[in-house]
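A.B. asks: Protein chains in written order, with the working numbering: chain A, 1 to 360; chain B, 1 to 386; chain C, 1 to 499.
Mixed in with the good hints, there may be bad ones.
[Claimed, not checked] Restraint-style ranges between C-beta atoms, simulated for each label pair:
{"hint": "1", "chain 1": "A", "residue 1": "12", "chain 2": "C", "residue 2": "376", "range": "26 to 32 Å"}
{"hint": "2", "chain 1": "A", "residue 1": "27", "chain 2": "C", "residue 2": "367", "range": "46 to 52 Å"}
{"hint": "3", "chain 1": "C", "residue 1": "193", "chain 2": "A", "residue 2": "346", "range": "31 to 37 Å"}
I should point out that these hints are in silico values taken from the structure, not numbers from a laboratory. Note that the Cβ used here is the ideal one computed from N, Cα and C, for glycine as well.
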Amino acid sequence: MTNPVKNMQRAIADYKQMNAKDQKRYLTDMVLNNALYILMAIFVIYTAIKQPNFLTLGSFANLITQVAAYLPLALGIAGCIVLTGTDLSAGRVVGLTAAIAGVFMQKADFANKMFQNLPEITLGWILATMLIVVLIGAMIGLVNGFFVAKFSLHPFIVTLSTQLITYGIILWFFALNGNNGQPISGLSREYKDFVGGAMFRLGGVAVPRYVLYAIILTVVMWFIWNKTTFGKNMFAVGSNAEAAKVSGVNVFMTTVLVHTLAGAMYGYAGFIEGVRAGSVAASTGLNAECDAIAACVIGGVSFVGGTGKISGIILGVFVLRIIFVALTMLGVDSSSLYIIKGAIILCACALDMRKYLVKK
Amino acid sequence: MKKLVAVGLASAMALSLTACGAKEQPAATTAAAAATEAATEAAKEEVKDDAKVVVFWYDESDVFLGFVRDAMNKEFEALGITPDNQFAANNQSTQIDQINTAIAGGADILVVNQVTSGASDTAEDILAAAGDIPVVFFNRPIGVDGSETPVLTENNTVAFIGTDAPEAGHMQGEMIGEYVVANFDAIDINKDGKISYAMMKGDEANVEAIYRTQYGLEDANAVIEAAGKPALVYFDAANTDCYQVDQGGAWSAAAAKEYMDTNFVSYNEANGNMIELVICNNDGMAEGVIASLQEKGYNTGDGHVVPVFGVDATDNAKALIADGAMTGTIKQDDKGMAAAVANTAKAILEGATPAEALASLNDDRFSIDAEINTKMYVAFAPYTGE
Amino acid sequence: MEQNTLLKMVGITKTFPGVKALDGVNFEVKRGTVHALMGENGAGKSTLMKCLFGMYAKDGGQIYLEGNEINFKNSKEALDNGVAMVHQELNQALKRNVMDNIWLGRYPTIAGITVNEKKMYQDTMAIFKELDIDVDPYKIMSTMPVSQRQMVEIAKAVSYNSKVIVFDEPTSSLTEEEVEHLFKIINMLRDRGVGIIYISHKMAEIKRISDYITVMRDGKWVATERAEDLEMQDIIRLMVGRELTNQFPPKTNTPGEVYLKVEGITGMYNQLKEVSFEAKRGEIVGLAGLDASGRTETLESIFGIRTRKEGKIFLDGKQCLNRNAQESIKNGFALLTEERRATGIFGVLDIKANTVISSLKRHKRFGIFLSEKSQREDTQYYIDAMRTKTPSQETKIRTLSGGNQQKVIIGRWLLTEPEVLLLDEPTRGIDVGAKYEIYQLILDLANKGKTVLMVSSEMPELLGVCDRIVVMSGGRVAGEVDARNTTQEEIMTLAAKYV
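Construct the entire structure; sequences and hints are all you get.
C.D. replies: Structure below.
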């Protein structure tokens, strides 16, 4: 079994046995394999020195709140990447489901309420709305998965198409009932509390409920990935679809389900997104998939297929959010932010790919 | 080899990190220097030396706001403050994250150009997050049809400096109407007694865009019909929206040019159904339209000029008007907007309430709302050349 | 140094963290000879070759080519200096045509800009004529059988005027006829003074083709002898370090009543035509035939991963539809595929995931939850039962040797508790010692009453392991022979029946 202390002892023992040349190679390997952590540590220390507010409880609360907001999307998209695919429709699905949830959750007395005859905002209706938008997300995922699996189309093409189609539906939806494309506002207090209500405060900063939901989702996803037939099949299909087929794995169903599950996660992300932004606009969710894919890739969910861990995805989201928070606090302009983000993604992928290239 | 690449990448990253650090240095030094200067020059200044002003912009690439930003940076500098500019890439969630992070980082005042214009809920959320930290919203409206009123009246840490959203539309419409009445026959290329127009909308959901699209046409027609002429006719009878919108919501010249290029394929002089007038929500889109027209030989100085109208009076638009390629625009006062925001922020930092801060400006470019004393408008003016 | 020594490797050492892969190996190839390099998997043959081609940097030792010390950095440099390799797993641009592959990286050009297709064609044809290869230079690689692709690879080596050519398991996917052609080419190259390094597990071939034999074991040089001085038993003894008296375990199974019945299988998209045969409980039935005779297609059709136009499958008198792999597994079938890397292993996954993937329902608890403990137990059981050499269950399968990978996959199938095992080339690319273990395993299964269908291109293997052999030819069953009293000649005659 994996015992960290024993592993460490064994590693040290191994290291002592090596000759000087091997020791050097071993150390270089170790530095390169952990380069991301080392750089993040340097980065965090630098930021903390420059901006002492960075290492406060309030700042930490702000960080985990952001992580909780970005995590569900990354968890969903990761499955698609494990299958060597991708999902470009994620952001727009978030936009659509956020809009639908927003409309369902508008205050009864709000002047610009889009649909008048909706049920009163009760806990039951909030939960029903969540279920509805999760199902809508899952439906779009199902369409993605079906076309990928049935016609062997590359997910890039399929999800690019659904991305456009979904955006069309979003624009159409925003023009309904004389809304004329205006943002969906007037979200009810109950809905806002359910999603973003403060659970407790850290250093004076409220930690919203969706942090708890993100933790629950992470546990559920970990379980699905590691403890279910579906999870095992997903890794098998991602690793070698032909072999999986011969081994009796239903490749079609697995592919469809992975995309459907991803869609469901986008639906959930849409459900919280409206509350986070305070309102929903047609552009809500735009490009959200980019950050999600980047987080997965940084966290070692490789496009090679068949590899990835939930812990890696969490790490990836943390890395991206730390960069964002730190650079914002340092007052670095956004052009540098993009450059640094891009450099880190490139670097993380190159280091990740190293693992697959050596010893060939 | 692979190792080399990896090491290279890693060091590049480390470098870029230090580079950011290095960049931080001069800014801090300037701030300190400016602060010292301010302290010696005017000892009565009560603003904290290290007052931290964070300005949140909805997007970095908006042309008009680029002018506002330049002017605002200068205004702030003159007041001894170095603002920290943040850009949300047209994503409200990103902006919320930036605001929360700035609050955690100890900001003293938040100056917000809200991404989702017209969303009063979002404004409420920002105020809730800010707590005691004052917030000055500017440029993009924070409500529709009066939904911003409670936000501005029920909190005592907020001010809004913007334009009266419908005003630009009304003004543009009036200008177009008057121009058409005076030049009806020259504009009517195919001599069918009607003028067909195209409308470029900047963003499907933006209230300013919505008002400009609505009043730019309605008011023009009101003037034209009052003069006994037929109303403007949308060039494409099949399009019941009667506008074409930048799908990216970026009010961009590129989107406008693409639309016009496409329109001219079926609607041109040879077919006898040429588009005879173009109304644009902003000058950026007007530029795109003019670029497309010029490729077809119009608006070049010696050929026929299809009148194009915009809003903002950007430097480019002014130049185009001077060249005769563009007909008119509405001057949105970038410097006035910048001065209003910077001075209000400073007054608030010195301890004034938002309402007091707005009242203290006392400048005829600005007018405080008749009912809400925390809401101030920066005036528009028609512009057809100097 | 002797005048006719072409390549000399002295004291080559290579260490991987924790393993000494090569320990002072000496190896010498003379001009105009075929030098066989033998050893079990993991003995260091491949590592030695990779050091020669610069794919690994050697830790110690020297390499001389015609007396000059060399140190290639990559296989391209080796190729330019006249050292070529024909790989076991061909690395070719499959979507491109034959001549594109041969001249890849050094296309003849006109004025340095456009590729001179005409010259490329003529040069290709000249080499093909010289080697007596009958392949259209314009043919797309992926449309050709492995044997022809290999010929292209050889032609490429020749086109570089190679002085040393390494053949790595060249015959593992060739039929007898194709092997004959290959040997003709090798002899021709030898007569032209080329030094040939020949890596193979097949004793009979080695004895036939080589002049010298070098045996390696555990990363060390063991012996170099003239081929005629070594008997097969000697070679095996040198390789395994002990006496291997029998190549095949004694046959102990006794076939029972008819269990599997295949009736008139005709393929929808392949050459199969009315394939019918029977197999008994506890019987090992071999499928023999030339390449493209339809052996693999027969197994895959039975398993339902190839579409049948007609034909029925009966188990114990009851019809099985076997429309896809899931259904076949449910009906008690298991298929070990021919292409282990392409359709067998999940390379980036660990031993455990590779073992349990087909039998996940065994580990289900409460309907959804997969028990970690029972997965570990099953995996450990088969690691022990098959004596799979692996550091742990968490080891990625692609780091294991071919034989050990095969054991893991067999374990995967045994966990589905199959009644009928369809084995396609179960010992391909596996060393002698491991082969014996796999034969023993097949016999054990038959002893337990399982029905085994086995495809193999190695005739002695079929004769040594099977009870009965169904010979296929041109997609049809050409005849059946009793393995105990048939000869290779009889099988070959049948195999040529419909060609």
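A.B. asks: Each hint: holds or not?
C.D. replies: Right, here's what the structure says about each hint:
| no. | hint | verdict |
| --- | --- | --- |
| 1 | 12/A to 376/C: 26 to 32 Å | holds (27 Å) |
| 2 | 27/A to 367/C: 46 to 52 Å | holds (49 Å) |
| 3 | 193/C to 346/A: 31 to 37 Å | violated (50 Å) |
In summary, the one numbered hint that this structure violates is 3.
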